[in-house]
Structures are given as C-alpha cells and as structure tokens.
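Colleague: Okay, here's what each chain looks like letter by letter:
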Amino acid sequence: MLTKRIIPCLDIKDGRTVKGINFVNLIDAGDPVELARQYADQNADELVFLDISATEQKRKTLADLVLKVAAALDIPFTVGGGISSVEDVAILLQNGADKVSINSAAVKNPALINACAQQFGSQCIVVAIDAKQIEGQWKVHLVGGKVPTELDLFEWAKEVAERGAGEILFTSMDHDGTKEGFANSALAQLSAAVNIPIIASGGAGKMDHFVDTFTHGKADAALAASIFHFGEISIPELKEQLKQQQLAIRI
Amino acid sequence: MEVAIIDYGAGNIRSLQFALERLGVRGYLTSDPDQIINADQVIFPGQGAAQSAMNKLKRHGLDQLIPQLKQPVLGICLGMQLLCDYTEEGDVEGLGIIQGKVKRFSNQLKVPQMGWNTVYETQTALFQNIKPDEFMYLVHSYFVPILSETIAKSTYDQPYSVAVNKDNFYGVQFHPEKSSKAGQQLLQNFFNLSK
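Heads up: the protein sequence lines correspond to chains A and B, in order. In case it helps, the working numbering puts the first sequence at residues 1 to 251. In case it helps, the working numbering puts the second sequence at residues 1 to 195.
Here chain A stands alone, though its shape is the one from the complex (with noise of 0.2 Å):
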C-alpha cells in the first residue's frame, strides 16, 4: 500500500541551515547534509530544502549543496527557492536532485511548468503554493507569502496540474507558524480539484494534526519545519502514532 510521507522543510542560506535548529547529537546543527542524514536515519520519507538566499552567487552554492546531499543521502529529495528557469531546474537535476519545487516563476510565467515537464517528465516538477484566505476567498500569494495576486488557489492548481506538474506543495499562509494545524477543507477540496499527489503545508504543531490531514485534508504527505527541527516532535514517534491511527505509514 502506498503510504502516507512524512517531509522535514529545512531552510537554507549561503548554503547552511538557517533559523534555529536544536537537535541533539550533532556536530555541526548549520550543516544541512548532516542534518539531512539524520532526518533520513529517523525514517523521514523524503525531504525539502527550500533555499532563501538572495546572493548573486546563490545558483552555484546551491548546486554544490545539492551534490554533497545526494552524495550522502539514499532517500529522495526536493530542492526549491527561486528557482526561475529550465537551466535551473537542469543543473538541480543534473547534481542529484529528485524534483524542483517552483513557486513565483510559475506564476510569473505558467509556461515554465510546461517546459520542464516535457524536458524532464512530471515526476520531479513539484509546484508549490502559497496561498492565504481574503474575503472567504483562497488566494494566491508569491514571494514567500507577501505580495498577493488574484488567482484562486483551485483554479490555479488546476492549471499547474494541466501543464504538466507532478506534485503541489500547498501551504496555508492562515495556517503556517500558528500550530494549530493544517488547512484541511482547503486541502481536501484541492484533493477533490486535481489528480496529482498533495503535500500539505502550513500549521503542524502536534501528532493529532498529522493525523487530520490524511485522513479530514486527504493529503498524501505533511511537510513541517521547526517543529522537527527543535525536536517536539520526533519522527519516529509520530510515524508510530499515526500507524497506530491505521494510516499507511513506512516504519
């Protein structure tokens, strides 16, 4: 049975780990290849490095990094952040990453998403959305959640999903750093709108709200942060409570 993943978000910088990592028995917490070895010892299914560099030298370090991780990792991978053409998305690719996440560019320019999956198959072109409620209505937003467009957040993922995305990466900018769980109609109801997996986003603050969004939000993977990061929830036993709960776990 296909099983439900479970996707630690780590933030990178000039090629380390950024905001406050508090994990024990590491040598080194701004070393986004050791912790990512850790993640993959404690079972995580797959991981995401999100890269919020802005120096002029950010494709190149970025490249690196990918290659140091897919050299010491066996699990899969996802690299995003800027990422704003075909050439990115190919040297990402070329050094070991599993799929691209695209965020603004694909909203900037739709064709984009058509051109990478034709070039290298939908499976590894995730996009991701921001998106956050104005007036009862979901709207997206670009530049990690700052400036607001006027796409509606279904039809918006309709769109990504005939283009030619393999995956949506959705996070709730309602829901993100609130710990109080995920967006679980909006997520359903994404569920309902397309045929391509959902990772949901955005609001993980205990087991329960892993729980709620396979079962309430049917989303096939859950992606948090700090809350791994600073070790509040340990993986291992949340992928042993939510076996317990009956969902389809990898243990």
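Mixed in with the good hints, there may be bad ones.
Here are the computed lysine-lysine pairs in the DSSO-like style, where the Cα-Cα straight-line distance is at most 27 Å [claimed, not checked]:
no. : chain 1 : residue 1 : chain 2 : residue 2
1   : B       : K131      : A       : K60
2   : A       : K13       : A       : K58
3   : A       : K218      : B       : K153
4   : B       : K166      : A       : K243
5   : A       : K158      : B       : K110
6   : B       : K153      : A       : K132
7   : A       : K243      : B       : K181
8   : A       : K139      : B       : K110
9   : B       : K110      : A       : K218
10  : B       : K103      : A       : K68
11  : A       : K243      : B       : K103
12  : B       : K101      : A       : K218
13  : B       : K103      : A       : K158
Bear in mind the hints are in silico, worked out from the structure with no lab data behind them.
Following the hints, position chain B against chain A.
Modeller: Then chain B, alone, in the frame of chain A:
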C-alpha cells in the same frame, strides 16, 4: 567489477552513481557499444518520457544492442518498462525482451504514484535478505501488469509488477538508489549475481 550505466540522456543518474560509490562499485556512464558489451554488468536507468528515451537509444544503436547482452542487466523505472514490447506512453514499441504491455494508471487514482509502497511476493536472488513487505520508493504514471516474468508485486489500485526477470535481464519499477537500506541491499544483490 565494472558496471556500465547506459547513457542516453535519462534524468537523475547522479544519485545512481553515488549509490554505486557507497557500495564500492565502479560505475561508468557510457553509450559506447564496446564498453557496454565488455562490462561485467549493465544498468539501464530511465526517467522521463518513453518516446524520447527510445529515440535516443535508437540514435546510438542501443535498441539493437541491449537485447543481445549476455551479462546481468538491470532496468530501473522507465528502464524496466522499456524491456517490454510496448507501452501506452506515447504509443511506443519497447525493446521486446519481455512480452508485455505497459499501461497507464487509472484516472481515478492520483497519478503519478509517488512515494513508498510495499513490495511483496518477491522471488529470485535479487530480493535476498530483503524482508517481506519492504518499502521501496516509486514515482511512475505507467505500470507493467502481472506477467509470467513478474518477480515482485506492489498494489496501487490493483496488483502490478514491481520487478521482472527474464534470463539475464532484470527490471525494477522502484528506485533502489532512493530506497534507503533496502534499496542498497537490492543493488548489492544485483552485483552479487556476477560472483
């Protein structure tokens, strides 16, 4: 031991090379027929679309070469699917080593199937020391139905072939290089076939 990884422009070869390095196996990427024929073992990777993959194989004459290989050959993902004689993906003829038609998953399902699925009813030395119902990582939209050559199954909406074997040809739908320790064991088992 030297392992030829057939180079025809398929995606994410780097991870496969790293997986071989972790096992201490020397793998080289090549499209040169002499090098492929003389390798101890051959890996036939694959990702992306069937049509363009077959076109690239033909351009190098590899569509004629691969079926004649005598050493152990391992097709991975699309590489496994192309061992068959036909795929619905792009209405394309494969290498014809295994008689079987590759089909697309139903539109009632989420496609691609993406993630870790259990692998059961495993057979042959390829699955030695891999426990029953082990999880492997899969990403695919098309599948090989159950055939007489099936040596392992998975179930999405229905059971399908997650591994096949005919003579010296093996194919796995999952990515062993991305399937943690179980995937590493499978690659080791493949390399042990020559010993």
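Colleague: Would you mind marking each hint as holding or not holding in the structure?
Modeller: Cross-check of the supplied hints:
1. For the hint pairing K131(B) with K60(A), the CA-to-CA distance comes to about 41 Å; that exceeds 27 Å, so the pair is violated.
2. A threshold of 27 Å between alpha carbons decides the hint, and for K13(A) with K58(A) the separation of about 9 Å falls inside it, so the pair holds.
3. Proximity of K218(A) to K153(B) is assessed by CA-CA distance (about 25 Å); at most 27 Å being required, the pair is judged to hold.
4. With a C-alpha separation of about 37 Å, the suggested pair K166(B) and K243(A) falls outside the 27 Å cut-off, and the hint is violated.
5. The suggested pairing of K158(A) with K110(B) holds, with an alpha-carbon distance near 13 Å, which does not exceed 27 Å.
6. Our distance criterion of 27 Å between C-alpha atoms is broken by K153(B) and K132(A), whose separation comes to about 42 Å.
7. A threshold of 27 Å between alpha carbons decides the hint, and for K243(A) with K181(B) the separation of about 21 Å falls inside it, so the pair holds.
8. Distance check on the hinted pair: K139(A) and K110(B) sit about 24 Å apart at the alpha-carbon level, within 27 Å; holds.
9. For a cut-off of 27 Å, the pair hint linking K110(B) to K218(A) stands: about 12 Å separates their Cα positions.
10. Distance restraint check for K103(B) and K68(A): the Cα-Cα separation of roughly 36 Å exceeds the 27 Å cut-off, and the hinted pair is therefore not satisfied.
11. With a C-alpha separation of about 32 Å, the suggested pair K243(A) and K103(B) falls outside the 27 Å cut-off, and the hint is violated.
12. Of the supplied pair hints, the one linking K101(B) and K218(A) is violated, its CA atoms being roughly 32 Å apart against a limit of 27 Å.
13. With a CA separation close to 24 Å, the supplied pair K103(B) and K158(A) stays within the 27 Å bound.
The structure does not agree with the numbered hints 1, 4, 6, 10, 11, 12 stated previously, though it agrees with the rest.
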